[in-house]
Amino acid sequence: MATVTVFASPSSWIESDAVAQCHQVAAFDGMLHVAGMPDLHPGKGAPIGAAMTSTVLYPFLVGSDIGCGIAVYPIRLKRAVPEKLAARFPDLDHPIEASDPAWAVADGEVPAGFSEGLGTVGRGNHFVELARVDTVFEPGHASRLALDAGDLVLIVHSGSRGLGERILRAHTEAHGAGPTPDPAGYLAAHDAAVRWGSLNRRLMAARVAHALGAEPTEPIVDVCHNLVEVRDGVYLHRKGAAPGDGRDVLIAGTRGTRSYLVAAHAGPEANLSVAHGAGRKMSRSDALRRGRAKHTVGELRRTPVGSLVVCGDRQLLFEEAPTAYKRIEQVIADLTDHGLATPIATTVPLVTYKTADHPKRGRR
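Position one of the sequence shown corresponds to residue 1 (UniProt numbering), numbered consecutively onward.
Since the hints were derived computationally from the structure, they do not count as laboratory data.
All clues stand as given, with none of them false.
Keeping only pairs whose Cα atoms sit at most 30 Å apart, straight-line, the calculated DSSO-like set for lysine-lysine is: (1) Lys281 with Lys44; (2) Lys44 with Lys294; (3) Lys281 with Lys294.
Could you put together the complete structure from these sequences and hints?
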């Protein structure tokens with residue numbers, strides 16, 4: 001059986017079911033090592049917040065949202081008044097139109113020729129957020145990224161939408177949760193989905209920038225956390241774990257807390273990976289039940305840090321409440337204590353877009 005290491009302190013919130021899933025995966029044929037991140041939580045048959053090495057390729061361990069990741073784009077605005085800016089966010093539930101000026105940021109053909117859902121954010125924990133750089137811990141590193149306290153950024157968290165789902169379905173219908181008999185074929189489709197996810201984030205950032213009266217910019221961070229890499233003949237699967245080998249990574253908090261930009265420097269024991277976010281501590285059903293008992297919709301639309309949430313789906317508003325997630329400060333502390341990452345700066349949300357608030361703004 002493969003080895004399992006969970007990079008979390010005894011005081012961290014790690015469900016026993018998530019650890020059990022790590023050990024279940026460790027028993028798969030060809031598995032070498034499973035590294036659980038401090039945002040580890042149970043998934044549908046496999047842990048989320050884990051990096052897993054194996055001599056065989058398991059598409060199931062990457063999941064359906066191949067290429068999901070988080071990108072950060074600087075944005076310049078004259079004034080950042082959340083109430084005014086929230087009303088100007090475009091409807092990112094609808095695909096980008098052919099005439100949209102955001103297309104100017106696209107370079108080349110759409111990967112896999114898959115245009116369905118392009119320029120949309122999706123559901124679940126995906127979001128587009130206008131945030132302000134708050135505390136800077138490493139001024140030298142931040143300056144190399146051209147960031148300073150008070151600067152504004154767009155943070156985009158989304159993936160390959162229906163393309164990744166189509167790729168996984170084609171595998172599972174024939175092979176279930178087992179390994180692929182055609183690694184090269186899967187990797188070709190997988191790599192296209194990773195490129196698609198990056199293009200999707202870029203288009204959404206451009207759509208929002210234009211809507212807010214700003215010019216689109218190049219990303220200073222764009223890191224995928226659902227993917228598989230081939231390293232020295234070994235398959236490194238990441239499910240909700242970001243590449244941590246010398247990359248700058250935005251580790252998302254919640255819509256009501258800060259997020260952390262970190263310099264990642266994880267070693268082989270962590271499978272060269274770091275956490276991708278705060279990680280859920282409640283299931284969606286629990287968050288919905290508890291949230292309805294404790295909060296009103298109005299309370300969830302304005303967060304404890306004073307930011308606004310654009311979300312026309314009331315159920316999603318409760319499912320994604322900040323209280324449904326672990327404390328991001330503990331996740332970052334665990335990464336730091338284990339020598340996996342160094343915090344560079346924090347960002348604090350101003351407006352977080354989840355899904356269009358159609359009663360108020362039904363436009364595209």
